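Residues per chain are reported as follows:
Number of protein chains: 2
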Amino acid sequence: MSLTLEKTNVEAQAMQAKKASKKLSLLTTEEKNQALNVLADTLEEKYQDILTANEKDLVRGKEKGFDEAFMDRLSLSKQRIEDFANGLREVAKLEDPTDQTVSSWTLDNGLDVAKVTVPLGVIGMIYEARPNVTVDATGLALKSGNSIILKGGSNAITTNKVIVDVIHSALEKTKIPSEAVQFINTTDRAATQQLFTMKDHVDVLIPRGGGALINAVVNNATVPVLETGVGNCHIYIDKEADTEKALNILINAKTDRPAVCNAAETVIVHKKWLNENKDAFVKALKDHSVAIHGDENIQKIISETILANEEDWANEYLSLDIAVKLVEDLDEAIDHIEKYGTKHSEAIITEDKEVAEVFMKLVDAAALYHNASTRFTDGGALGFGAEIGISTQKLHARGPMGLPALTTVKFMMIGNGQTR
Amino acid sequence: MSLTLEKTNVEAQAMQAKKASKKLSLLTTEEKNQALNVLADTLEEKYQDILTANEKDLVRGKEKGFDEAFMDRLSLSKQRIEDFANGLREVAKLEDPTDQTVSSWTLDNGLDVAKVTVPLGVIGMIYEARPNVTVDATGLALKSGNSIILKGGSNAITTNKVIVDVIHSALEKTKIPSEAVQFINTTDRAATQQLFTMKDHVDVLIPRGGGALINAVVNNATVPVLETGVGNCHIYIDKEADTEKALNILINAKTDRPAVCNAAETVIVHKKWLNENKDAFVKALKDHSVAIHGDENIQKIISETILANEEDWANEYLSLDIAVKLVEDLDEAIDHIEKYGTKHSEAIITEDKEVAEVFMKLVDAAALYHNASTRFTDGGALGFGAEIGISTQKLHARGPMGLPALTTVKFMMIGNGQTR
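Chains S and Y are the protein sequences, given in the same order.
Under UniProt numbering, the first residue of the first sequence carries the number 1, and numbering increases by one thereafter.
Under UniProt numbering, the first residue of the second sequence carries the number 1, and numbering increases by one thereafter.
Accuracy of the hints is not assured; some may be wrong.
A pair holds if it fits inside one copy or across any two, identical chains being indistinguishable in the list.
Claimed, not checked - Pairs of lysine to any residue, SDA-like flavour, derived with a Cα cap of 20 Å:
1. K175 <-> L26
2. K199 <-> N215
3. K199 <-> T222
4. K115 <-> P97
5. K353 <-> T106
6. K46 <-> I302
7. K245 <-> D279
8. K115 <-> G383
9. K353 <-> E332
10. K115 <-> V102
11. K339 <-> D279
12. K173 <-> Q34
13. K56 <-> T187
14. K339 <-> Q16
15. K199 <-> V223
16. K353 <-> V363
17. K339 <-> S25
18. K272 <-> H336
19. K361 <-> P97
20. K46 <-> S77
21. K353 <-> E328
22. K93 <-> L27
It is worth saying that the hints were derived from the structure and are not from the lab.
Predicted, not measured: the structure shown is a model, and the values here were computed from it.
Let the sequences and hints guide you as you build the complete structure.
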């Protein structure tokens, strides 16, 4: 019974979103920007409503015994809400990615051809208990002329519901139809499953969160998916690596924010370099409280090594742990990354430019680094402005996805009776 | 037993293709172009081997009683093989889509960032009994630095096998490893099914053929798919349409090549225009032997109408038949296209520019036409050169897909020790 009811609701919401996306596609850049600014102001005005709702999610989270990192992501404050509002104001300032002529030409018969960017239509956003995604994703979707259907983690549902209520009340004062933002207000998994296959009404799904969430979407969806960000990132220290650069980059990539997707999880070390730099290498990791995991080869060289198994190579630690892999040459390093990498961010540290070029050509990933930290794979750090996620797939968009990733193109042909 | 054997074979082929793609990605444009020219010459030299194999497929096709159109697509001649070779020489002349810097900039900390096009890797091409696709797709894949796995229709398997043998013998004389072109030499469907899920070795699947083939791939693949070309295309004749333009375009779009995807399948006619132009409209269609299908409203106006059902609106005829839909206004026309269109090519015929603009903005399709025939949706006709198919999806590539659709990007960052 309840399943049938949910079914009707989610489908009705998706149809409303589709209808609203048509209206949205006819708005001017100014009308969209103005709406984002109204939205920002309204979030700040109603911050107390949001904090009250957030308190309920926090109490429930505490009862469930979630860890500190989880509670930290869930927890809002007046300052964080002001940050959300300022984020929306920044998005308002970014260039409108739609209605841009990518290329245009005229055929010999006089037919004018233009390839023009247009919104995707309806975006289904599936994410974990991070209320900031509710605001950020809405801002990016609306700016790019898309409707959005929000399905956030159930542990933030009270907070998200109130945020979306605030968004709806704000949109009433703007040209953007409030139906352009839909919130799936249930913890029933069946509702999410419906989103996965609603090809007629939803143009793309964007999962954002851990590997389990992303795989659930990729494996069950018939709606196209923009796969985001599991990052099992490697730092390869070549035999010609500069010691100081290598250690600085390694420590930064591992310890700056261990829980994010662009943090390093394995360091691949050339045998020759490790022989020459073993003590400094071990000291740097120890000084930063990083636990070393490795196979028997590494155990022979570094006594404090925890024995690694297949899991250590294949998965993200997202903690102050690192897997150390010893290699004889570049090919062995590339093969290891090919086998275990997630096509996110991979770095080589070397003073040999030719070796770096081969590494960057042959390693298949969204972002390749020569003598720099993998931590730069981020829309903000690379200077794009806000991102909707980091794509680790090859089609449509790769790496940090800003506003252009939320558009597609149309070929627009204007003639005066041309036939073939 | 045989299934296990096949499984091993296809996976081994895909792994060879992946390995070859790495070598291919390091070749220069000149090395690739030279290889394509050698390939072209070798096809012409060995045309007799190909024709002998083709004769076997033709005899079997005749026994199976395939229709004329099918036999025509399957049938080769010395001239057609020369056309294939010239097609390859044209691809050699096109700009290399890889290693192009889409954008580049330097961060304040001195880190150089470049977004550069790179090959996708391994393309799985699944198509019907059209030997031209074997050559065309191979040329486009190799030029863009990709390996290709070919799975053609079983009724052309003898021809395709010999074409691929010729390709392999030609590649032996070039820098391109012959493992870059793999041919699935079986009619066992299980082999194709394996391709669908080989995410580790195959980067994209491109189905090219009828709706059944395309749906089989889209519904069963976990490898990303570039969906191509079912075209249920509409011509909307607005109340402000010029009679001569409308009829010329309608007849061209319907009758020039009725079996192709950019042919018109339904004409949507504004009531006012039909009232004023009924006789000329019916005469034009009759003169070109086009059968009229329509609902009761159309039957009342045009006596020779065959009663249409849901199938008539939803499917391609690919023959000299057209469905006629009567509407009261633009919105009704747009709603009909939204409901039955396949997002391929849609045209409006009107002298009212504002109405045309609204139509082109609101109708969701790869190609929109104002006062021109839908027949122009084609890489050759639009001036791109060869195409690998026409995308009717929104992500990655939309409309005719030329060489750039076979690439992705990498972010390449070069630093001197930058950390975050």
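Structure-based check of all given hints:
1. K175 <-> L26: within (10 Å within a copy, 52 Å between copies)
2. K199 <-> N215: Close inside one copy (19 Å) and across copies (13 Å); limit 20 Å.
3. K199 <-> T222: both (7 Å within a copy, 16 Å between copies)
4. K115 <-> P97: both (13 Å within a copy, 18 Å between copies)
5. K353 <-> T106: For K353 and T106, the Cα distance is within 20 Å only across copies (19 Å; inside one copy 44 Å).
6. K46 <-> I302: Result: close neither inside a copy nor across copies, 56 Å intra and 62 Å inter.
7. K245 <-> D279: within (16 Å within a copy, 81 Å between copies)
8. K115 <-> G383: between (26 Å within a copy, 13 Å between copies)
9. K353 <-> E332: The answer is within: 18 Å in one copy meets 20 Å, while 62 Å across copies does not.
10. K115 <-> V102: both (5 Å within a copy, 17 Å between copies)
11. K339 <-> D279: neither (29 Å within a copy, 68 Å between copies)
12. K173 <-> Q34: within (10 Å within a copy, 63 Å between copies)
13. K56 <-> T187: Within one copy only: 16 Å inside a chain, 61 Å across chains, cut-off 20 Å.
14. K339 <-> Q16: For K339 and Q16, only the inter-copy Cα distance (15 Å) is at most 20 Å; the intra-copy one is 44 Å.
15. K199 <-> V223: both (5 Å within a copy, 18 Å between copies)
16. K353 <-> V363: Within. Shortest intra-copy distance 15 Å satisfies the 20 Å Cα cut-off; inter-copy 51 Å does not.
17. K339 <-> S25: So K339 and S25 pass the 20 Å test across copies only (19 Å; inside, 43 Å).
18. K272 <-> H336: within (18 Å within a copy, 69 Å between copies)
19. K361 <-> P97: Only across copies: K361 and P97 sit 15 Å apart there, 30 Å inside one copy, limit 20 Å.
20. K46 <-> S77: within (12 Å within a copy, 75 Å between copies)
21. K353 <-> E328: Within one copy, since 19 Å is at most 20 Å while 68 Å is not.
22. K93 <-> L27: within (16 Å within a copy, 43 Å between copies)
The structure is inconsistent with the numbered hints 6 and 11, although it conforms to all the rest.
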